[in-house]
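There are 2 protein chains.
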Amino acid sequence: MSLFRMQALIERIRKDGVVLNGNILKVGSFLNQQMDVALFNEMGREFARRFTGTRVSKILTIEASGIALACITAQYFNVPAVFAKKAKTANLSGELLTATVPSFTHKTVNSVSVPRDYILSGDSVLLIDDFLAEGSALEGLAAIVRSAGAEVAGAGIAIEKGFQGGGDRLRAAGMRVESLAIVESMDEVRGLVFRD
Amino acid sequence: MSLFRMQALIERIRKDGVVLNGNILKVGSFLNQQMDVALFNEMGREFARRFTGTRVSKILTIEASGIALACITAQYFNVPAVFAKKAKTANLSGELLTATVPSFTHKTVNSVSVPRDYILSGDSVLLIDDFLAEGSALEGLAAIVRSAGAEVAGAGIAIEKGFQGGGDRLRAAGMRVESLAIVESMDEVRGLVFRD
Chain H
1 MSLFRMQALI ERIRKDGVVL NGNILKVGSF LNQQMDVALF NEMGREFARR FTGTRVSKIL
61 TIEASGIALA CITAQYFNVP AVFAKKAKTA NLSGELLTAT VPSFTHKTVN SVSVPRDYIL
121 SGDSVLLIDD FLAEGSALEG LAAIVRSAGA EVAGAGIAIE KGFQGGGDRL RAAGMRVESL
181 AIVESMDEVR GLVFRD
Chain Z
1 MSLFRMQALI ERIRKDGVVL NGNILKVGSF LNQQMDVALF NEMGREFARR FTGTRVSKIL
61 TIEASGIALA CITAQYFNVP AVFAKKAKTA NLSGELLTAT VPSFTHKTVN SVSVPRDYIL
121 SGDSVLLIDD FLAEGSALEG LAAIVRSAGA EVAGAGIAIE KGFQGGGDRL RAAGMRVESL
181 AIVESMDEVR GLVFRD
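Residue numbers (my numbering), protein chains in the order written: chain H, 1 to 196; chain Z, 1 to 196.
Fair warning: there could be bad hints in the mix.
It does not matter which identical chain is used: a pair holds within one copy or between any two.
To be verified - Here are the simulated DSSO-like cross-link-like pairs (lysine-lysine), alpha carbons at most 30 Å apart as the crow flies:
id, residue 1, residue 2
1, K15, K86
2, K107, K26
3, K86, K107
4, K86, K26
5, K15, K26
Hints listed in this document are in silico derivations from the structure and should not be mistaken for laboratory results.
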């Protein structure tokens, strides 16, 4: 059994995923706008297995597409789940923990925030998200955790687009990133190729 | 035991809810941006108990704050959960089921949509949301379900603001609306008053 692959997820991606324009992978029919909650439970259990022995006191994700996986996963760690909200305006009041997250897909920069008292200095926070590409969302979430004086326990990702490099860059920088399926390439000739 | 009240939720609202400006109830610390997933599981089980004997083939909610409760609840019905997305532009392609949802809080009108193949004509759809006030979100979701030729099995709501009238209006129109806590009033003198 491989360290990286969760076979049930990979098979589902092969069956129901749709590749668009060479680097967009649509999985909305089971992982995003429609959610196969049984599969989410398998993913949550797998994160719990991989992070056995690691202290996790809270789960943090980013709205909206990470919320479902974060909640289901939180059941296996018996901890609350928190999501960072996309904020329209910068916060000057000190009541929020804020980070900026550039979106390469939409060519925008979002400010995301969490109320200060939802992440405490003793917390060990597991970051959860459905996708990891360039890694900017994870970096923003990690910045929020650190600005609270808390520590990042690691990151649990459903699908990493390995060819966009964010996951390996974050691993090299010392973050433990556990992805259940890593897409190495998805060109039209060879189809989807997953990391072993 | 009352038909309407879920005591654990009501106690939590009394303990951690914050009333602002007489008609805003902030429950972000356990029901929205931070989610007490154990409480969500109690709510999901209670919806399953109330809808025992009713066919439910899918759960539909609206992004972002309904997603967590919809997913957790979907576990107790063994069905997929779907959320309606707030769309920036009207859809003319026919690939989406769309409804308009006025927001009284933000004084805006959102268009929300679901891909056509996520709700099918044989579906019996349970609507789930965290809050019910004027009822416009539920009406939008019900319109989406009906436009697919599917039927609305009912609605499961965490907190209904009874004094805003949406729930009773929808019940009078024939929708089965099950709310776990119904706030009848929240003035500053008497505090929070729940329907029995």
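How would you label the pair K107, K26 (within, between, both, or neither) given a Cα cut-off of 30 Å? Intra 19 Å, inter 33 Å, cutoff 30 Å: intra-copy only.
Please work out whether the CA atoms of K86 and K26 approach to 30 Å or closer within one copy, between two copies, in both situations, or in neither? Answer is both; intra-copy 22 Å and inter-copy 18 Å each pass.
Please work out whether the CA atoms of K15 and K86 approach to 30 Å or closer within one copy, between two copies, in both situations, or in neither? Answer is between; shortest inter-copy Cα gap is 27 Å, intra-copy 32 Å.
Checking an output row: K15 and K26, CA cutoff 30 Å. Within, between, both or neither? within (12 Å within a copy, 42 Å between copies)
Since the copies are identical, ignore which copy is meant and state whether K86 and K107 lie within 30 Å (CA to CA) inside a copy, between copies, both or neither. Both: 15 Å inside a chain and 19 Å across chains, each within 30 Å.
Consistency note: the structure conflicts with none of the earlier hints.
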